[in-house]
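If you read the protein sequences in the order shown, they are chains A and B.
Counting from 1, one number per residue, gives the positions in the first sequence under the numbering used here.
Counting from 97, one number per residue, gives the positions in the second sequence under the numbering used here.
Don't read these hints as lab results, they were simulated from the structure.
The structure presented is a predicted model; accordingly, all values stated were derived computationally and were not measured.
Hints should not be assumed to be uniformly reliable.
Unchecked claim - For each label pair, taking beta carbons as the anchor points, the in silico distance ranges come out as: (1) R176(B) / V77(A): 34 to 42 Å; (2) V140(B) / D49(A): 22 to 30 Å; (3) A171(B) / P33(A): 41 to 49 Å; (4) V173(B) / P71(A): 39 to 47 Å; (5) A110(B) / Q65(A): 47 to 55 Å; (6) D21(A) / D165(B): 38 to 46 Å.
By construction, the Cβ of each residue, glycine as well, lies at the ideal position given by its N, Cα and C atoms.
Protein chains: 2
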Amino acid sequence: MIVHSVIFSLRHPAGSQAEADFLEAALVLATIPGVEDFERLRQVSPKNDYSYGFSMKFADAAAYQGYNDHPDHVAFVRDRWVPEVEKFLEIDYEAL
Amino acid sequence: MIVHSVIFSLRHPAGSQAEADFLEAALVLATIPGVEDFERLRQVSPKNDYSYGFSMKFADAAAYQGYNDHPDHVAFVRDRWVPEVEKFLEIDYEAL
């Protein structure tokens, strides 16, 4: 099991409609085969300056690769992520 | 519910006994009242250079504060975390 997450901030003002639109559009990622337990999260620690996170699980590396290559993921990254995300950090965890 | 995690790297060489000792010692955190679903994780994404993560859940801010203030947490941070951790980033998530 791989827990894939990305912590990020948007270029949009907090509370804006553009921000809400982005977070709504991201739900398409939850529909991609292989994605389990998709979550949209608010980052609340004052010890970093990211605002949001997405988290999901994959059964194995093949499922993860299938997600990365899926047209809906590719389109989301191209059309929404790249233009609207200010900065991000990807994290992949496996059990120790 | 708050998901508190920290992604980090150790000063110890990968695969060393000192590394194993640190990860073993961290299990004390799981015994602190209020800590739920404590996990020790290996960070495997090549897109960042952290090596490990700890993750835990708290029912609310009071439980989180109780953990922060608990003598076992304070001692772990002082005696193990500060001297042995090279770098880290704390992340706190709440449901969007």
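Which of the numbered hints above does this structure break?
As far as the earlier hints go, only 5 is violated by this structure.
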